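Starting from the structure of chain X, add chain L with the ligands where the hints point.
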Amino acid sequence: MMSSKYDLTDEQKELVAIAREIAEKKIKPIRAELDETQEFPYDIVKIFGQSDLYRVFVPSEYEGLGMGVYESSLITEELSRVCGGIALAYAGSLLGTFPILLFGNEEQKKRFLPPIASGEKLAAFCLTEPEAGSDASNVRTTAKKEGDYYILNGTKQWITNGGVAGLYSVFANIDISRGIRGITAFVVDRDTPGFSIGKKENKLGIRASNTTELIFNNCKVPAANMLAKEGQGFKVAMKTFDMSRPGVAAQALGIAQGAYEEALKYAHERKQFGQTIYSFQAVRFMIADMAMKIEAARALVYQSAKLADAKDPDSGPYSAMAKAFASDVAMEVTVNAVQVLAGYGYMKEYPVEKMMRDAKITQIYEGTNQIQREVIATHLTKELSRLEKK
Amino acid sequence: MKKVIVFIKQVPDTSELKIDPVTNTMIREGVPSIINPFDMYAIEEAVRIKEKWGDTEVTVITMGPPQADAALREAISMGCDNAVLLSDRKFAASDTWATSYVLSKAVGKIGEYDVLLAGKQATDGDTAQVGPGIATWLGIPCITYVNNIEEIKPGYVKLHRMHDEGYDVIEIEGKFLLTVLKELNEPRIASFRGKMNAKKAEIPVWTAEDIGADPAKIGFMGSPTRVVKAFSPPVKQGGIKISAEEDPSVPEKLKSYLREKLII
Ligand SMILES: Cc1cc2nc3c(=O)[nH]c(=O)nc-3n(C[C@H](O)[C@H](O)[C@H](O)COP(=O)(O)OP(=O)(O)OC[C@H]3O[C@@H](n4cnc5c(N)ncnc54)[C@H](O)[C@@H]3O)c2cc1C
Ligand SMILES: Cc1cc2nc3c(=O)[nH]c(=O)nc-3n(C[C@H](O)[C@H](O)[C@H](O)COP(=O)(O)OP(=O)(O)OC[C@H]3O[C@@H](n4cnc5c(N)ncnc54)[C@H](O)[C@@H]3O)c2cc1C
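Each protein sequence line maps, in turn, to chains X and L. Residue 294 in the numbering used here sits at position 294 of the first sequence, with consecutive numbering throughout. Residue 94 in the numbering used here sits at position 94 of the second sequence, with consecutive numbering throughout.
It is worth saying that the hints were derived from the structure and are not from the lab. Please note: incorrect hints may appear among the correct ones.
To be verified - When the alpha-carbon atoms are kept at most 35 Å apart in a straight line, the in silico DSBU-like pairs for lysine-lysine are as follows:
#: 1; chain 1: L; residue 1: 182; chain 2: X; residue 2: 28
#: 2; chain 1: L; residue 1: 199; chain 2: L; residue 2: 229
#: 3; chain 1: L; residue 1: 236; chain 2: L; residue 2: 255
#: 4; chain 1: X; residue 1: 13; chain 2: L; residue 2: 255
#: 5; chain 1: X; residue 1: 26; chain 2: L; residue 2: 255
#: 6; chain 1: L; residue 1: 199; chain 2: X; residue 2: 5
Claimed, not checked - Residues on chain L that point at chain X, a partial pick, calculated with CB under 7 Å:
#: 7; residue: 192
#: 8; residue: 193
#: 9; residue: 195
Given the structure is predicted, the values throughout are model-derived calculations rather than measurements. All C-beta atoms, glycine included, are put in the ideal place defined by N, C-alpha and C.
The shape of chain L in the complex, shown without the other chains:
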């Protein structure tokens, strides 16, 4: 039996998060929870891999509060076979380093696997570090920003990694972790049988002890990061555009602009 593991995070359903100005933490009250949108593409891809390979089991994992159970059930309704909820007071306030440590320990407890999938980033924490973090803890390659998989079989993948200038074509052998973009696929609508499976599924809750996590590496005390201040970064400015067709004095303008910016 082949095995695909998907990491998902439950996030508040809003792109406009409100931050408490005093504590610098997110205000979560009254905001409905959803599966992190990027993780939907990871789930869909995992199910497609299962359909392609046959004899493959997809396990979905989240670290979160007991309510995160709902996110796991939704993933099962889309075709994942089973789920694990990592929930323990000791995990609270983990940063990306501690979160990825915990998730990698869960993979260790599961044992064998062929492919690990995560979303590109979470819409709340937004760091995009957890996927690469897990791979680092496990000592396997990680390809981020995957927007196209040309070929995938156990122990091999050929894919496209998107970046600003275009994309890289990458081949890997062995085990690997991918973080995925929305261009990768279109998540399916849950099937009736999937929904029924989701209702019936028994989802184990694993604690820090269950996965053998080192208490010094988890939770607030295990997290090297301290949030000093949370703010919205300024929107990235686009470059300036000077068209030579409309304006014959372009070379002059360009020269003076570059001088002004102390570039030449």
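Next comes chain X alone, as it looks inside the complex:
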């Protein structure tokens, strides 16, 4: 097993084993079909729930198992090794739950977390808008207080789990003139009047993941559903990313691992010029590089996940490094896996072309890799002042 070189506890090993069993027995047989049809894997979500996987990241007071980013990253990695798209039905719910985990008050946690833990409800994270991509502060969705409610108006786009979630962490601005200091986070229930699901996207990769537009049309959200305080939404989003990026990194890592295993197997079977293609240095070095970079990525991903769990003050830049590095590795490894399988790799009968398409998103969402490098570089300026003090 991939994580076997790390000191996992018995509990962590069990989780990895469960995730692998689900991936191999239940996901592998349907991944190509769902990639083709873009159907959402409701049956698999049921299995995730039944196997307690959504409980992992929820504290035990709220019917969870009280584990953290590291354990959920181990699970995401195993699932992504077989299908990066279906894995997002797991990881996407974690992303949508982080704002509640990090900023929910006791009453909100009691209300929202148990159905997420059981898998009865998926969560979604709703920040991006047509005019707010990398510049997430440019949110145009508005929230106006009216009595005990906030009235939300606006449109979110490209929301993972958009059409299938039960709870939505939504970022809206209470006063556009306040700019970033107007952004406020809310939990919106799917059944809220004025909330509806817009267009479902047709995507390059992770096609089994459900990505949609969300429309807020005088959507009446109880004030009791506001997370943190008015104007603290941007902080909620940024702290969420510090915790969630190791998950994207783990997704990338799993996709890379799956592609590398396919390439390694194939290179030992395929014969040309009377010998296996693995005997050609050009091929074997390509695969050696895959293994080497995946191992380096794994070390960084696990370390960043542990720092996130430890609430280390530097976990943000570490998460950014892990996300950017692992996703760049995933892209390189999957492109090269297609190269190793060559013509067969380009065909849909083999899984590597899908892995290549799936890998691309990991360089884009939860902040593009350019934005990750911005996060890292900004942190490095602080590092410099620390160095100079010594």
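Showing chain L with the ligands alone in chain X's frame:
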């Protein structure tokens, strides 16, 4: 509290069993053990019944060597609440008659129950007799080859029994034992909490004495069956097919075939 009891057997993980030509017994060495595949469907069904009814306890029972403990823990990881291991040297070499006697005595010790579930047959012994045997000892109805349960509640079931020509729809009132087929459901993957429960579970071992078994009815001496010879039966031949569309002389051919076989 309602109660479902499941009978499972630990079997060697292979469909190609090797038989020792001298002793006529199975060679078990080096073969990993699994839960008899049909019993997985019985476990899954028991857990589904529990989920449907609520306030229901599922107990899983096996008679076997101490290692069979592992099979019981796997069943707990899938959602069974507790388990009993029937293990005693005196049980060794029990045939299906003695095995089902022992299992029925264990049910007697447990006391109250609503539903009993077993697999259709074990992949090693292969007799498919133990389920019906238990029901006979207990004096309750047994429905074999169950592939669909339409409705089940305490004291009532409506189900389908599969056979070669189709299926029967059967209703029963009272207590009953079902032996199940793979068409019934899809066994779940063990949950994390299930696995943790399985690790922690204390599984009692009951001996012949504990269940009050009559020593004359158990083990080799209590078993009326003697294995004389074990062999693979010939594969069942399919019927012959003569197509009238391709061959106009079919009636003639059919007549001569039937004459040849002395049927007409
Ligand atoms: C499949 C999918 C699922 C998604 N799921 C979610 C979700 O669940 N929730 C959610 O809120 N969002 C989601 N997103 C949105 C995603 O996070 C954004 O696409 C991403 O943040 C980038 O925004 P953008 O696409 O508008 O790119 P832009 O911001 O327009 O960037 C375009 C290019 O410019 C570069 N660039 C922009 N600004 C800078 C800068 N300051 N410095 C250097 N380079 C820069 C970018 O790196 C990129 O190469 C999803 C997107 C996709 C495709
Ligand atoms: C090579 C060989 C030949 C044998 N021949 C005979 C024979 O001809 N006649 C004979 O009577 N016995 C025979 N036995 C012994 C017999 O197979 C078993 O010891 C035993 O009685 C179970 O029968 P089975 O495996 O056929 O189970 P089956 O009756 O096929 O099993 C049906 C179901 O009963 C339940 N069950 C079966 N065994 C147990 C158990 N130990 N604990 C709990 N639940 C159980 C399970 O739910 C199982 O799915 C033979 C054994 C071997 C190894």
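Do the hints match the structure? See the list:
no.	hint	in the structure
1	L/182 with X/28	holds, 21 Å
2	L/199 with L/229	violated, 41 Å
3	L/236 with L/255	holds, 24 Å
4	X/13 with L/255	violated, 68 Å
5	X/26 with L/255	violated, 52 Å
6	L/199 with X/5	holds, 24 Å
7	192	holds, 4 Å
8	193	holds, 5 Å
9	195	holds, 5 Å
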